[in-house]
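Protein chains in written order, with this note's numbering: chain A, 13 to 444; chain B, 2 to 269; chain C, 563 to 1138.
What the hints contain is simulated information worked out from the structure, not anything from laboratory work.
The beta carbon of each residue, even a glycine, is placed where N, CA and C say it ideally should be.
Incorrect hints may appear among the rest.
To be verified - Sample of chain C residues at the chain B side, in silico, Cβ under 8 Å:
hint	residue
1	PRO1057
2	ALA1098
3	GLN1104
4	LEU1118
5	GLU1119
Claimed, not checked - Sample of chain A residues lacking proximity to chain B, with all beta carbon distances greater than 12 Å (derived):
hint	residue
6	ALA96
7	THR115
8	THR137
9	ASP184
10	ALA210
11	ALA217
12	ILE226
13	GLY259
14	VAL285
15	ASP366
16	PRO371
Said to hold, decoys possible - Beta-carbon label-pair distances, calculated as ranges:
hint	chain 1	residue 1	chain 2	residue 2	range
17	A	ASP153	B	ALA135	18 to 28 Å
18	B	LEU269	C	ALA1007	53 to 63 Å
19	B	THR170	C	LEU637	48 to 58 Å
20	A	ALA224	C	LEU1084	36 to 46 Å
21	B	ASP131	A	ALA224	42 to 52 Å
22	C	ARG1045	A	THR302	23 to 33 Å
23	C	LEU632	B	GLY237	36 to 46 Å
24	C	ALA1007	A	THR302	52 to 62 Å
25	A	LYS227	C	ALA1007	43 to 53 Å
26	B	ALA135	C	ALA1007	49 to 59 Å
27	B	GLY237	C	GLY940	30 to 40 Å
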Amino acid sequence: MSGAAATRYDVAVIGAGMAGMAAALFAAERGLSCVQVGSGGGILFASGLLDLLAVHPVAEHRLWQSPYDALATLAGEQPGHPLARVDPTSIRAAFQSFVAALTSAGLAYAPLGERNSNLLTSIGTVKTSFGVPMTMAAGVDALERRLPCLLVDFRGLREFSARQIAATLADDWPDLRHQRIDFPGFEAVPEVYAVHLARALETRATRERTIALIKPLLGDARVVGLPALLGLARSQEVHAAFEAGLGVPVFEIPTMPTSVSGLRLLGALESVVSSRGVRRRQLSSVRALTFEGDTALLQLDGAPGGERISARAVVLATGRFSGHGLTADRQSVRESILGLPVQQPGGRDAWHQDDFLDPAGHAINRAGLRTDEVWRPLDATGKPAWKSLFAIGSILADQDWMRAKCGSGLAIATAWAAIEQVAQPLRETQAP
Amino acid sequence: MKYALFLGCKIPSRLPAYAASTRAVFQHLGVTLLDLDFNCCGYPARSVSRDGFVLAAARNLALAGQAGLNVLTPCACCFGTLRHAIALLDEDAALRARITQALAAEGLAWSGAIEVEHVLPVLARVIGVDALAAGVRAPRTGLRVAAQYGCHTLRPSNMARFDNPLAPTIFEDLISLTGATPIDWPRRLDCCGDPLHDANAPLSETMTRAKIADALASGAEVMCTACPHCHLRFDGVQSDTADASIRTLLYTQLLGLALGLPAKSLGL
Amino acid sequence: MSHTLFHAALDASLLLCALGLLWRMSTWYRLRIGPDVQDVTLVHRLRALLRGLAAALFTRRAFHVGAALLLDVLLQRRLYRSDKSRWLTHLLIFVGFMGLLLMHALAAVVTLKLFTGYESTRNPYLFLRNLFGAMVVVGLAFFLFGLRHRRRHTRHAPARRPRDAAFVVLLGFVLATGFLLEADKIVSPQVFYRMAKEFNGSADPAELKPLRAFWASEFGVAFDDLTVPIAPDLLRQGRAMHEADCETCHAGAASAFVSYPVSRVLAPLARVLDAGQAPTWLLYLHVFACFIGLATLPFTRFYHAFAAPISLLVNGAGPGRALSSAGRAVRRALALDACVGCGICDAHCSVAPLARHLDNRYLLPSHKLIATGELTRGRLLPSGHPTDGARDAAWRAAEGAFGCTDCGRCTSVCPVGLDLDDLWQSGRADLARAGLTAPAQWVRARPALAWAELLQSDSWPRSFFDPDARDAPLSADRSSFSRCVQCQTCTNVCPVVAHSTDPGSGVDLTPQKVMNLLRLGLRDLAMGSSMVWSCATCYQCQEHCPQGIRVADIMLELRTLAVQRLGTVRSQKEFS
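Only chain A is shown next, with the shape it has when bound in the complex:
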């Protein structure tokens, strides 16, 4: 695990989305030397909520309150689904490990149980998720019990309207009130941005002024909901201060992406990954990936002269279209780095249903890489492309993570499973 240029890392993770970060995290935890290439920008679109599995079957939009029950059913009905191929014990361990890592970086989560939670979104709909940041946890209870609640928003914050949430839920939650205030210090500007407000709240004076503005509006509210901007890296501290100052539980509602909670998550992940010794190469991408015997060679661009990295194993966590792991042209879908065969509908005509909002989703969303039982993507002949190349996360075929609400679960579970594989030969070569 030295830093010399000629290092041969145990594992190179390509991609820094949920799956890539989880893989880097798990690798470092197991003592593997790890280098991770790619910008974590995709995580900025996350909300901080960690979905495991909430909807199955997708076509019926059947919601599950127990993700593990859903997984069991999924395993029975779609054994090829990536989540079905990771055993539940591993999934539990993976989530615990992931959340523990985040907690160590100052981003605590409510204890993970066996059930999903329901929370408000910023447009007043309800989202079902598994891992809930502490700062959002009080909202679960508030929603469930329809507690007298005050929702507060800020003038000029375009991505969040307390009034809209209240209006959407008016019939269902009559004790839901809303108020708008000016964020202290930003009274003179027409538009405000959530990250700026979040950081401003890390200053005690601003925090106290904001609390003082909200307090008189409480009335009989027993819980207060705010857009997720209670601090950036110090969300625990800011959230606790709000609860103490207002005297009632406070919950955050995730805002539209890209959000403060996404930036928090990215910051926490980078912090953990960095402190565990993972070599990061943000703003770089892999121009070429080749294999020579036991070693993978990555040619990076983005830095002068490029950079060559060698590794014993490679984890491909490059994502789908927005992450550029998959590229689509007018004919077909390609895998961007190695040109691995992508399982996909026969022709472009078959990519989409006629109805854009078809509940079953579209075939193109289920395109992706097929892998063997140990998560190695297959080449054109149906054999693993390389003995130590693994593919994880949303690039995998046979899943529709957006509709199944299983994005983080897919990422974390498959990352865990793949790293298990990467770690195996090492374990075998080390003396017991």
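Dock chains B and C against the given chain A, drawing on the hints supplied.
Okay, now just chains B and C, sitting in the frame of chain A:
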């Protein structure tokens, strides 16, 4: 170990203590620093002419190349600018050709082999945190220090390769080895505001004051800097106000004190 | 030469010189450079002068002034530190000239008073006169050689006026006529006869033959009828006559180690020269050249001999910034005069490579100094309808002034000790008040929409605003920003937007809006946006962008585009 010392435009006349402390520390560590007849790194020219900026930077690199030395600079802005120029020369062949021609008119050439380093990574990785810690004679125990990374050390990270831009630890590690206590502060990675002081002085000052207030609120006694712009900025703003009570110290000064070098030699 | 003519000419030259000096000096009390001295009156300045003089003479400062006099004025320590070869050149000219001035030109009032036995033809004076003259000649030769060497190696020569060259020519002329005069007097039979008449009593060639023979042999006089070798008998006789009448005043001609060899060249022409009254008109030429030099002294490069020492002494008397505003006003105006145009500042300027590349000599200190003078005299911006050239020059000067990085090198190497730092700062303030500002100010003086409207005139083809791939490759290539999905991350992580809680703060568009304008092809709006100039180049946007868009790099490119394109438009629109 030998480097060509690149001081830039700010240090010699506005912050000679940074040159003095850098020289003192590196001499103590057995590293030779040579002075060449460098020109401006090119940063101010970035707003006026892309070719002009790269030419200015490349000329410095060519001079270092002539002397066969890598460049070491204590200024974060110069570091970022020179590295940026190298990256542009690397990716833009037409630019490279034009710059080569312009340099040739002076009998200079850019080979692409010259590396540009900032004082902090050289101390932390080339000399090594452990080696430095072993040389500490007068640990600054109990001193609570806020690390001011500045912007151009960290970003854009593909050119700077200084540390993880979102979660760097190198400066805190360097502070810890002196015996001082690095503190965590929310605005530690924020810009000091200096680049704006001509274009928008009030905004620039707001940014600087926000940083000072944040450092103080987080319990810092000293603001430790690695760039003359940041340093002069914090000094400059504070000199107008009565209530600011945070010391500004250059890292080379902090390290020099910890290594037991006389304060006078560090410009203190 | 008749006494009356000589004295009349001398008096006239002195008067002209004095008037000229007064006129030049008056600028130190009239010119106002810098906004901080705009209220300073003549009375203030005179009072400051008196106070300064008193301080310089009667306080501890006197010591510093004395040290400055010795080290900086006489020994030229600053010049020595900056450029040793030029120090040597200057020393040669300086010592040579002062020697000639004091010992030779002012012999009647200086040398004669100190050394009663003075005769211009005696040693050591004869030798010294030649030595001093030779020093000046060698110094001038070094100077010209150095000039040629520097011209070949730099693109922009230091600012020079035509009269600078005129002075060098004049000095050379004075020396040339001086040596030629002395050489001619050595060979001239006419001069011999005149002297013989005065000191021997006779002007008869036959009677004087022994003396003539002696003088032809030992002193190089070119008589037609006497050729060397001379008969020893004749020589002995001549020597006796010489010892009687001439020796007391004449050292050996060989002591005139420059004039004597020259006289050997002139010897064959002695008769022709005598026939043409060469000794007389050479004298007239020599003396009148000196008088012309004296009369025009305040307006030629020689003026530096007056202004530079004063500047050095003023600096020696105390640091620059601590002066009162009156003191600062005088010092800045004085700097304009005391600059000798040596260009040592230019040679050390940190942005000299940029001056070459942008072909803007106003980035260089010596040219900036001239421009500062022009600006303060109201000549940089002529009133009425300025021509293209004048307007352009004014803006070029502004670009030069605002391109300075304030590194301070010019100030530390200036041999005359000018406080250039202070001059540049005040110069920039004056430029800004005259409406000649840095791009960050003049772009932001109009809102983006106003720029866009200005740009939408018929004389500008749309292609004028297309960024070209050479200087703005990212802006020219759609793929660098077409992936922007307007996620607002760049805006959210931007510290400038975060702290712009005041509507007048100069942030009209957020970064993501600027990117959107580019996507929409509205380059001119993007270029004219004030956000582009309020960017702190902290690179948070570029570091965080999920699509890898080089936001900060594009901002900087938009700046260069604005400087070039909008700058052209601004110039056109301003005077039409």
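Results for each hint:
1. PRO1057: 5 Å, holds
2. ALA1098: Given a least distance of 5 Å, the restraint on ALA1098(C) holds.
3. GLN1104: 5 Å, holds
4. LEU1118: 5 Å, holds
5. GLU1119: OK, holds: GLU1119(C) within 8 Å of chain B, min 7 Å.
6. ALA96: ALA96(A) clear of chain B: closest Cβ-Cβ about 34 Å, beyond 12 Å.
7. THR115: Holds, because the least Cβ-Cβ distance between THR115(A) and chain B comes to about 16 Å, which exceeds 12 Å.
8. THR137: 31 Å, holds
9. ASP184: Consistent with the label, ASP184(A) stays out of reach of chain B, its closest Cβ about 38 Å off (over 12 Å).
10. ALA210: 10 Å, violated
11. ALA217: ALA217(A) is in fact no farther than 12 Å from some Cβ atom of chain B, at 9 Å.
12. ILE226: 22 Å, holds
13. GLY259: With a cut-off of 12 Å, GLY259(A) remains clear of chain B, as the shortest Cβ separation is near 24 Å.
14. VAL285: Label violated. Min Cβ-Cβ 8 Å, cutoff 12 Å.
15. ASP366: 43 Å, holds
16. PRO371: 38 Å, holds
17. ASP153(A) <-> ALA135(B): 18 to 28 Å: 55 Å, violated
18. LEU269(B) <-> ALA1007(C): 53 to 63 Å: At 44 Å between Cβs, range violated.
19. THR170(B) <-> LEU637(C): 48 to 58 Å: 55 Å, holds
20. ALA224(A) <-> LEU1084(C): 36 to 46 Å: 43 Å, holds
21. ASP131(B) <-> ALA224(A): 42 to 52 Å: Given a distance of about 50 Å, which is inside 42 to 52 Å, the answer is holds.
22. ARG1045(C) <-> THR302(A): 23 to 33 Å: Since ARG1045(C) and THR302(A) have Cβ atoms about 27 Å apart, the given range 23 to 33 Å holds.
23. LEU632(C) <-> GLY237(B): 36 to 46 Å: 38 Å, holds
24. ALA1007(C) <-> THR302(A): 52 to 62 Å: 56 Å, holds
25. LYS227(A) <-> ALA1007(C): 43 to 53 Å: 45 Å, holds
26. ALA135(B) <-> ALA1007(C): 49 to 59 Å: This hint holds: roughly 58 Å between Cβ atoms.
27. GLY237(B) <-> GLY940(C): 30 to 40 Å: For GLY940(C) against GLY237(B), whose Cβ atoms are near 34 Å apart, the range 30 to 40 Å holds.
Violated hints, listed in ascending order, are 10, 11, 14, 17, 18; each of the other numbered hints is respected by the structure.
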